[in-house]
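*Asks:* Sequence:
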Amino acid sequence: MQWNKATESLEDFKAKLEIREIIDAYDALLDELFQVRNPKYKFIPEHKEDCAEFKEEYLAGKSTQEDGEWFYFPYSKNLIHYLPDAVHQELRTARNKNLITKEEQEKFYNYTVAIAGLSVGSHPALAIATMGGAKKIKIADADEVSGPNLNRLRYDCSTLGKNKAHLVANHILQLNPYGEVEMYDMGVTPENIDAFLEGADVVIEEVDFLPMKIMLREAAKKKGLPLIMATDNGDGVIVDVERYDLDPNTQLFNGAAGDVSMDTLKAMSPADLPKLATQIAGPYMVVPRMQQSILEVGKTLYSWPQLGDAAIMCGPVIAYLVKRLAIGGKVASGKFDVSLDAILDPDYHTEEARAKREADIREVHKAIGFIE
Numbered sequence: 001m002q003w004n005k006a007t008e009s010l011e012d013f014k015a016k017l018e019i020r021e022i023i024d025a026y027d028a029l030l031d032e033l034f035q036v037r038n039p040k041y042k043f044i045p046e047h048k049e050d051c052a053e054f055k056e057e058y059l060a061g062k063s064t065q066e067d068g069e070w071f072y073f074p075y076s077k078n079l080i081h082y083l084p085d086a087v088h089q090e091l092r093t094a095r096n097k098n099l100i101t102k103e104e105q106e107k108f109y110n111y112t113v114a115i116a117g118l119s120v121g122s123h124p125a126l127a128i129a130t131m132g133g134a135k136k137i138k139i140a141d142a143d144e145v146s147g148p149n150l151n152r153l154r155y156d157c158s159t160l161g162k163n164k165a166h167l168v169a170n171h172i173l174q175l176n177p178y179g180e181v182e183m184y185d186m187g188v189t190p191e192n193i194d195a196f197l198e199g200a201d202v203v204i205e206e207v208d209f210l211p212m213k214i215m216l217r218e219a220a221k222k223k224g225l226p227l228i229m230a231t232d233n234g235d236g237v238i239v240d241v242e243r244y245d246l247d248p249n250t251q252l253f254n255g256a257a258g259d260v261s262m263d264t265l266k267a268m269s270p271a272d273l274p275k276l277a278t279q280i281a282g283p284y285m286v287v288p289r290m291q292q293s294i295l296e297v298g299k300t301l302y303s304w305p306q307l308g309d310a311a312i313m314c315g316p317v318i319a320y321l322v323k324r325l326a327i328g329g330k331v332a333s334g335k336f337d338v339s340l341d342a343i344l345d346p347d348y349h350t351e352e353a354r355a356k357r358e359a360d361i362r363e364v365h366k367a368i369g370f371i372e
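In my numbering, the protein residues as written are 1 to 372.
It cannot be assumed that every hint is accurate.
Said to hold, decoys possible - Across the chosen pairs, the derived CB separations fall in these ranges:
#1 ILE22 with ASN192: 31 to 41 Å
#2 ALA195 with PRO346: 49 to 59 Å
#3 THR350 with ALA28: 48 to 58 Å
Unchecked claim - Calculated lysine-lysine pairs in the DSSO-like style (CA-CA distance at most 27 Å, straight line):
#4 LYS222 with LYS135
#5 LYS275 with LYS299
#6 LYS55 with LYS40
#7 LYS222 with LYS356
#8 LYS275 with LYS221
#9 LYS102 with LYS135
#10 LYS335 with LYS223
#11 LYS275 with LYS356
#12 LYS77 with LYS16
#13 LYS135 with LYS275
#14 LYS5 with LYS55
#15 LYS102 with LYS55
#16 LYS107 with LYS97
#17 LYS366 with LYS356
#18 LYS221 with LYS330
#19 LYS136 with LYS77
#20 LYS55 with LYS16
#21 LYS97 with LYS135
#22 LYS77 with LYS221
#23 LYS42 with LYS97
#24 LYS40 with LYS135
#25 LYS136 with LYS223
#26 LYS97 with LYS48
#27 LYS97 with LYS5
#28 LYS5 with LYS16
#29 LYS222 with LYS107
#30 LYS366 with LYS335
Think of the hints as simulated: they come from the structure by calculation, not from any bench. Every value quoted in this text rests on a predicted model; they were computed, and no experiment measured them. Note that CB positions come from ideal geometry on N, CA and C, so glycine has one too.
Working from the sequences, and respecting the hints, build out all of it.
*Replies:* Below, the structure is given as structure tokens:
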């Protein structure tokens, strides 16, 4: 809810709200804006008079209370005072320069992102918004935060039982209330998938349900949209990029699962699904402990394991790829392994370690019938 200066006073606006906290750092924001627009003062410690003159000129006779915009967020019950839209974006992305140029920032900001699945998917949503990307973000998830989610989501126990889409939307809009979050809090369905993808420039797929993974890819392929999926993998990430925008003949999952489709999926027996899931995940990329743990699901484990460092890492990996797509950088189709073990474990590339990994993976593949 935005205060309408033309129809009521700020005090009247406040009086009709249930406010938990008022956040008004406007004067400090103007101090920071002065420094951003006058970088020479980085090395001139005494600039109080010049800063005061800047603020007086900027406000042009208005009080700080009158300037900018006030937004109330019913979900958190916060009332927050913001700089005007363009100035807010200027200040909050100032430290991006020149790792992201002004022209690149505008392209990134005007790039529309659709994200399905907001457990792992919450991390790219927040990373992209934090970097000043995607003025319009479309998010979908029907799920609520549960206790086992707390090892990999940036939420605390006060969010238990709350819808993940609502939480992500609230975070993004408090970061940038001038943006637009289109929320599907019942998740993506066959009935709303066209609306969900309408106007999107890229699809980020982070759902657990295999039929929906296939359905999103078929829809992305039909609409000529690039699709990105990041999968937490032990302490690392496997990222899949499918450039249906460049090549309409690109196979789903880049052909990792063969010529799979909704039709072929319906014809499969339940016994075939573990093998299909292994093909999609990357049978020789998924770390041995992950593959071994999957054999224990329903026996000693309730579900497959996921770690917070890997889930969070999916955020910057996807945000990097989305930024590259937005600014016209090269992004190839394929499956890519972002492995901290391969980078930081000094024994990872030894012959002994490699042989053990291969033996452990081969044992799991035999157990699920992936190999003889």
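*Asks:* Hint by hint, which ones does the structure fall short of?
*Replies:* Numbers 7, 13, 20, 22, 24 and 27 - these are the hints that the structure violates, sorted from lowest upward.
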